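Residue numbering for the sequence shown follows numbering that gives the first Met the number 0, starting at 0 and increasing by one per position.
Since the hints were derived computationally from the structure, they do not count as laboratory data.
Please read all numbers here as calculations on a predicted model, not as lab measurements.
Where is the CB? At the ideal position from N, CA and C, for every residue including glycine.
Take the hints with a grain of salt, since some may be wrong.
Simulated restraints, written as ranges between beta carbons of each label pair [claimed, not checked]:
hint: 1; residue 1: 81; residue 2: 17; range: 38 to 46 Å
hint: 2; residue 1: 133; residue 2: 57; range: 37 to 45 Å
hint: 3; residue 1: 129; residue 2: 28; range: 37 to 45 Å
hint: 4; residue 1: 84; residue 2: 126; range: 38 to 46 Å
hint: 5; residue 1: 127; residue 2: 86; range: 37 to 45 Å
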Amino acid sequence: MCAMDVAARPGAAAGRGPCAGIPAEQMGFVRQILDRVGDKWSLLVIAALEAGPLRYTDLQRDVPGISQRMLTLTVRQLQQDGLVTRTAYAEVPPRVEYALTPLGRSLHHIVTSLITWVADHHDQIREHRHQTLK
0 MCAMDVAARP GAAAGRGPCA GIPAEQMGFV RQILDRVGDK WSLLVIAALE
50 AGPLRYTDLQ RDVPGISQRM LTLTVRQLQQ DGLVTRTAYA EVPPRVEYAL
100 TPLGRSLHHI VTSLITWVAD HHDQIREHRH QTLK
């Protein structure tokens with residue numbers, strides 16, 4: 000989003016920067032969505048679903064460290080926002096698969112870039128943290 004002068008954009012959330020083009024009354028919703036897609040579990044679930052639909056247990060295996068409760072909560076929230084679909088098949092035993100929607104796929108490259116950036120800079124960040132603790 001382009002930076003705009005507050006006088007040129009009355010009611011904008013900020014005078015400049017990425018929030019300048021967003022009306023102040025929409026900022027609460029924007030923060031909610033950023034919190035949702037920016038939390039650690041959502042990022043990893045979106046990344047795991049890139050290859051295609053996964054069953055719940057496969058998704059849990061592909062997202063190391065996530066508890067059953069957090070995975071359930073995360074996929075439910077991603078589904079509510081239209082980023083993930085949940086398909087239940089009438090089989091015995093029942094089968095449920097989760098997949099990215101087109102909206103979720105449009106977010107995937109951003110998520111992957113962020114995860115890659117963290118992995119690439121892991122050592123540098125750890126060193127900076129170590130130095131500030133001295």
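Quick rundown of the hints versus the structure:
1. 81 <-> 17: 38 to 46 Å: violated, 22 Å
2. 133 <-> 57: 37 to 45 Å: holds, 43 Å
3. 129 <-> 28: 37 to 45 Å: holds, 38 Å
4. 84 <-> 126: 38 to 46 Å: Because 41 Å falls inside the window, the suggested range holds.
5. 127 <-> 86: 37 to 45 Å: Roughly 44 Å apart at Cβ, these two residues keep to the hinted range, so it holds.
In terms of the numbered hints stated before, the structure departs from hint 1 and from no other.
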